[in-house]
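*Asks:* Protein chains in written order, with the numbering used here: chain A, -12 to 260; chain B, 214 to 516.
Please note that a few of the clues may not be correct.
Under the rule of at most 20 Å between Cα atoms (straight-line distance), these lysine-lysine pairs were calculated in the PhoX-like manner [said to hold, decoys possible]: (1) A:LYS85 x B:LYS235; (2) A:LYS216 x A:LYS43; (3) A:LYS259 x B:LYS325; (4) B:LYS325 x B:LYS408; (5) B:LYS481 x B:LYS271; (6) A:LYS203 x A:LYS216; (7) B:LYS481 x B:LYS269; (8) A:LYS259 x B:LYS408.
Sample of chain B residues facing chain A (criterion: CB under 10 Å; computed from the structure) [what the hints assert, rightly or not]: (9) LEU240; (10) LEU332; (11) GLY353.
Hints listed in this document are in silico derivations from the structure and should not be mistaken for laboratory results. Cβ atoms here follow ideal geometry from the backbone N, Cα and C, with glycine treated the same way.
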Amino acid sequence: MKTKRSIAGTIILLSWAVVSIWPIFYFATIALRPRVEIIAPDPIYWPTFTTETWQKIWDEWPMVQYFLNSMGAVAGSVVICLVLGIPAAYSLARYRYKGREDIGNYILSTKMMAPAVVAIPLFVLFAQFRMLDTVWALMLVYAALNLSLVVWIIRSYMIDIPHEIEDAARTDGASDLRILWEIIIPMCLPGIITAAVIAAIFGMNEFFLTLIIGRKEAFTMSIALANFKGGSDGIIYNAIALVAFMAFFPVLLLVVAIQNHLSRGLTMGAVKG
Amino acid sequence: MSATATLPSTTMTRRRSPFMRKTFPYLLVLPAVLYLLLITLYPGIYAVYRSLYTGKFKLEWTGMSNYQQLLTDEQFLNSIWNTLLLGSITLALEFVIAMTLAALVYRDPWVKGFRIIFLLPMLLMPSAVAFIWKLMFNDGRIISDLLKRLGFIDYNVDWMISVPLARFVVIFTDVWQWTPFLFIIFVAGLQGLDKEVEEAARLDGASWWSMFFNISLPMLRPIIAIALILRGIDILNMFTPVQVITQGTPAGATETLGFYIQRLAFDKVDHGYASAASVLVLIVTVILAQVLVRRFFRSGTES
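Given these sequences and hints, build the entire structure.
*Replies:* The structure is reproduced here in structure tokens:
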């Protein structure tokens, strides 16, 4: 449209932008403010900054551990997703065989599984293997939650690669696995990266199952938030804000890096844009 | 296996037996399928088995009595009602806001530069977002303060004692965080539409409104369906804002299905009863997944 946006339209856009940004900014200041300011009877909008609360937070809670737990579980789950997902995507994108549609549908339908359904069985299963409260268990769960989307995103990118290149390599006598490794994977690298980033974000965000598996040792940033309570102090918002932004900045960087592929990734390949 | 692995064109498979050629694609997809079966099929079977027993440590066979009890359990039915009520309002609001914003920006040459601003809420962890709004509404009284300054109210509102207000807070939290999800998809979808159709409609004298509603929206239908399904699945599982902000209060008015099952299983430690509830959810999910995957998803993602 070459027509200019109406004034009403601009107002709507600007107000939603303010509604989106202001709470984030406000919450960011929370991390650095003295506690009295946060729960004052009337809100104080102009902050006075102090690093005193920081000191207390870093002394009292294993913040680095939370960060490393999140990163470890997420990184591990992304590796599992890619190792299992790339061959599966290749198979669904490039071969014709009996049952292919059904297998593809099954993989996709696991995305619709309600976490509440698997919560108890997984709890019991991990308890039996003495894996409750370990980063390993979180890794396995995040991988399961994201595998369907990783397969479908990568499959969508693989379908777009023209057959001719593979055919040429095949006539030269290259094996299927070599074609996958040396031609297909490099050519759909943007899709693989997009899938990895989205899987990482969803892993980082996971709350419900993490809450059930993580008891103490395997606290991630996502669930550590809910535990910043200090007896008479009530909820420690400074610490919550701090952890929230420790997780926010890496995610922001990743998303900015794959911005142009984001909508395609989020719809598992349905929107090419 | 009667399947033939017909590779798209040339089938030069030296040093490989016909058997290997047929099984190769299955071998590629097998590890992923096994992994998913382990983590979905196994829990499904376990939940069915466990739902037929009662007791915490010593299991006692009870047959279908867990299910009978559930179907008359007011808290269970209440949580289903809440999930549907809160879910449909949330999804409708997110759709309308996201589509409005997308319609306003999709032909803007600068949109690639500033869209990240609209995505920011989505990039925070949901648990962090829940705490942001817990602080804004409750603990920090900021929303009350802003409303007072604007002259709408003259006292601080307690958002957690009124049913509509508590529900509003939960819905607001989800809408604030996840409208960007639909927004970014709709923008990409609208940008993917043919510009020339729009130009032609405009030259024919169609107004922007009729062009948008009669041409753009219908063309976008497959993408809208997929986006709403993906968002809908997440909303049906809504848990985080309830756990963090309301804990289901007041009087169970914000208790969603996910929160209810979690409370049964891990607060009341009634695994048998909670399993029965999750089996019912599982049955609905499987039916829903079959219909949705086949009807909308495949047709939308098949290129």
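*Asks:* Against this structure, judge whether each hint is valid.
*Replies:* Structure-based check of each hint:
For the suggested pair LYS85 (chain A) and LYS235 (chain B), the alpha carbons sit about 10 Å apart, so the restraint of at most 20 Å is met. Distance check on the hinted pair: LYS216 (chain A) and LYS43 (chain A) sit about 13 Å apart at the alpha-carbon level, within 20 Å; holds. A distance of roughly 15 Å separates the Cα atoms of LYS259 (chain A) and LYS325 (chain B); the hinted pair therefore holds under the 20 Å criterion. For the given pair, LYS325 (chain B) sits about 18 Å from LYS408 (chain B) by alpha-carbon distance, which is consistent with the 20 Å threshold.
The straight-line distance between the Cα atoms of LYS481 (chain B) and LYS271 (chain B) is roughly 16 Å, inside the 20 Å bound, and the hint therefore holds. At roughly 14 Å between alpha-carbon atoms, LYS203 (chain A) and LYS216 (chain A) fall within 20 Å of each other, so this suggested pair holds. Proximity of LYS481 (chain B) to LYS269 (chain B) is assessed by CA-CA distance (about 10 Å); at most 20 Å being required, the pair is judged to hold. For the suggested pair LYS259 (chain A) and LYS408 (chain B), the alpha carbons sit about 16 Å apart, so the restraint of at most 20 Å is met.
Taken as an interface hint, LEU240 (chain B) checks out: its beta carbon lies about 8 Å from the nearest beta carbon of chain A, inside 10 Å. A cut of 10 Å between beta carbons decides the hint on LEU332 (chain B): the least distance to chain A is about 7 Å, and the hint holds. Contact between GLY353 (chain B) and chain A, as hinted, is supported at the beta carbon level, the nearest pair being about 6 Å apart and thus within 10 Å.
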